[in-house]
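Now for the letters of each chain:
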Amino acid sequence: MDATALDVAHLLAGGMVLISFLLLYQDRMFALLNVFALHAIVLAASVAWQAHIQNAPHLYVPAAIALILKGIIIPVALHRVVIRLGIHRTIETVGGIGPTMLLGMGLVALSMVVMLRAAATADPLAREDLAFALSVLLLGLLMMVTRRNAVSQIVGFMSLENGLILAATGAKGMPLVVEISVAFSVLVAFIVIGVFLFRIRERFDSVDVQALDVYRGEQR
Amino acid sequence: MTPLAVALWSIPALLCAPMLAATAPRWSAATRRTYGACFALCFIVLVAAFVHLVGARNTAASLHLPIGLPWIGAHFRLDGLSAFFLVVVNLGAAGASLFAIGYGEHEESPGRVLPFYPAFLAGMNLVVLADDAFTFLVSWEFMSLSSWALVVAHHKDPDNRRAGFIYIMMASFGTLALLLAFGLLAGGSGGYSFTEMRGTTAALPGLVLLLVLLGAGSKAGLVPLHVWLPLAHPAAPSHVSALMSGVMTKVAVYGFIRIVFDLNGPPAWWWSVVVIPLAGITCVLGVLSALMQHDLKRLLAYHTVENIGIIFIGLGLALAFSAHKMPAAAALALTAALLHVFNHSLFKSLLFFGAGAVLASTRERDMEHLGGLIHRMPLTAFTFLTGCVAISALPPLNGFVSEWLTFQAILLSPDVPSWGIKLLVPAVGAMLALSAALAAACFVKAFGVTFLGRARTGAAQTAQEADRFSLAAMFGAAALCLLVGILPGVAIDVLAPAVEGLVGARMPSQSTISWLSIVPVAESRSSYNGLLVFVFITMSTLVAIEIIHRFASRAVRRGPAWDCGFPEPSPATQYTADSFAQPIRRVFGEVVFMARERVDMPAPGNAQPARMTVTQRDPVWDAIYSPISGATSVAADKLGYLQFLTIRQYLSLVFVALVVLLFVLMLVMLVWT
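Residue numbers (our numbering), protein chains in the order written: chain A, 1 to 220; chain B, 1001 to 1673.
Just chain A, same shape as in the assembly (with noise of 0.2 Å):
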């Protein structure tokens, strides 16, 4: 494998890492998911990296999706959900910023110190991404754990999953990938309209839509 190939699969997961902690930075809500729609579109871009040095065509549906669903129709769908239930526009963050980015340094030292000397004698592509798609994960986990906001514990979610597609589109010849990809996925989508549901749950104490009638003095 010549030297450049290894060099942007470097430049592409190294990114994503970066993304995670602009992600970790961000404290509007608007401004999160653009940064979100640009995190899934480097996850689509390295995938797609990967497929090309792989020789390994399949790997190209993983992108697509990637790109095609988390990096437009959710970023597109929350955006007007957000406009929709006029949810805050900042996000609570327990915790300061400050901290939190702190801390997020600390966890991608970890990754690395664990991951570096676990998959020691791995091949450097394979242990190198592992490691960048641990400290994605372990970024998605913090981000969830300090935000109180709906929205974006979804949004740190879905930037776990990068990090876990990452992962097996990262280590050669892991079956399954596709499935994977997709059944996360479906995952991502259920748990949007969870969440989309739990709002109207908050405001209205139920999930039953007809109980909106009653709100819009309509009566049965």
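Source of the hints: derived by calculation from the structure; they are not laboratory data.
All values derive from a computational prediction rather than experimental measurement.
There could be a bad hint or two in this list.
To be verified - Label pairs and their in silico Cβ distance ranges:
(1) Leu187(A) - Leu1015(B): 32 to 38 Å
(2) Ala5(A) - Pro1012(B): 53 to 59 Å
(3) Gln1649(B) - Leu22(A): 23 to 29 Å
Said to hold, decoys possible - Reference excerpt, derived from the structure (chain B facing chain A, CB under 8 Å, subset only):
(4) Ser1517
(5) Arg1648
(6) Phe1655
(7) Leu1658
(8) Val1660
(9) Leu1662
(10) Phe1663
(11) Leu1665
(12) Met1666
(13) Met1669
To be verified - In silico contact screen, one side only, chain B against chain A (beta carbon under 10 Å); selected entries:
(14) Gln1643
(15) Ile1647
(16) Gln1649
(17) Ser1652
(18) Val1654
(19) Val1656
(20) Val1659
(21) Leu1670
We put the beta carbon where it would ideally sit given N, CA and C, even for glycine.
With chain A's structure known, arrange chain B on it following the hints.
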């Protein structure tokens, strides 16, 4: 089809049996169809298993089905031992199904019983046939869960709910212990089929024994793990009680024998030192607890504990003899245990059928509200009496044979070179003798208070004889009790292949001995002839009757019962169950159960009734169960806080756990490299 194929095909057939109920127009038709189908299926499997046991001479048939875990599948095997237990299971199941064709009509909520009953039967059959740890544990748990559903069938009663709760806790605990035992047996190589376990020796065979004692012992009812049993067995409908007490405890004994004798390699000398005293204590505590009861079904359930003790004494002796390379003696002890397994399944089913018939016709389980039923239900009374005689180990019925064989094995113990066993076994023999005597007292009480004397309540006065299906089941079981009692040699010979496969020897063949006698060791030591005893008892009774009637009047006279000189003969002045048990309670109960009697005598001139209160405590419950259940409740209360966190807090728990684990991994790697 081979017997194994017949047995395995019967399992999907049993699971489909409730569909017959679903298509029936009424509950009564559904009841009859389901139990009829169960009876037919169990009878077929019974015949198949018997054919294998008698015909195959301990050759094993095995089968590998590609169901269950991928790449592993399910292994099934039918050898002498499993064929014998298949006979026990299906004989009990066929009897219970036949009984239930009639008894099921009285069921209040048949929809809660019919679906689970065939599943319970299927589960017990599967446990006996399983030949790998996964299949065994899944079937075991299936058996536990379906029987749990039957225990809580009448869930409106809070006592039944509590019984169900304790039962499911103990059942899960037992399965956990068995799971760990199988893990140890499989060892590092992870060979979970029984064939592989037989080939290798376990890492810690002693620990395996203790875990199996916990797992199978809690299901069988060994003290101190027996507490759930007298609660759960009576709570189920009576035919299910018969199955749980008569058959399911035997499946647990099968699990113990299969693992300890077959899979766990050669026994160490100290194993029997653990098993035998435990079994002796189980015997005595079981029968003493049974004596203190006045609920008929609970009395029977406690008595199951005693019989499990007798079986485990036989098994413990077999372990002791095997460990000291005395295969002939081990074969005698194991034959005694297996024969008692068979006998107990017969007469305990019979007695529970009788209790069920009484319950169905009077709606009463409390003996203090019964009495005089021999006039209203003569046939039930006759079969119940047969069961009582059998379980009290009186000749010529079958209970005597197996207890006598157990005593013969005990008498061989002085030949064991180990001094510990030499001193221990006679003490346990004394406990066995004590419990046999107390069992007789217990069943004098059970039969006398329930069936003799005068009716204590209106319900007992207007009782009706049981229906013909129930009577057929009871008479069948009673006839088998007598048959095994007078032909014990045949039973011993049938058991020989199962015994030979486990301890490498068999009892001397009894079929060559003239006049149907049995000779366990040698003619000079001891022999028993059930037929002779039976003929003698019958002849002497007939002769006595003839003489009395010849020299006295033939007329039957009915006069007033003697009233002890009291002018007002209320039925409440009769001997009660509690008053019958009082002497034994004073002798043993004050120590074992901390029984205290208090008499409140009103002052002279005060017209209030005198009152006598008896309080007793269960030492096992106080010492083991109360602290554990208390600690469980406290822990559950504290942990209940975790049920009401926000999503973010739950996520934080996951996050912290993940980071800590990664950190530990990192430290481990830093230290190692």
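Task: Structure versus earlier hints, numbers of those that do not hold, lowest first - done: The structure conflicts with hints 4, 8, 14, although it agrees with all the remaining ones.
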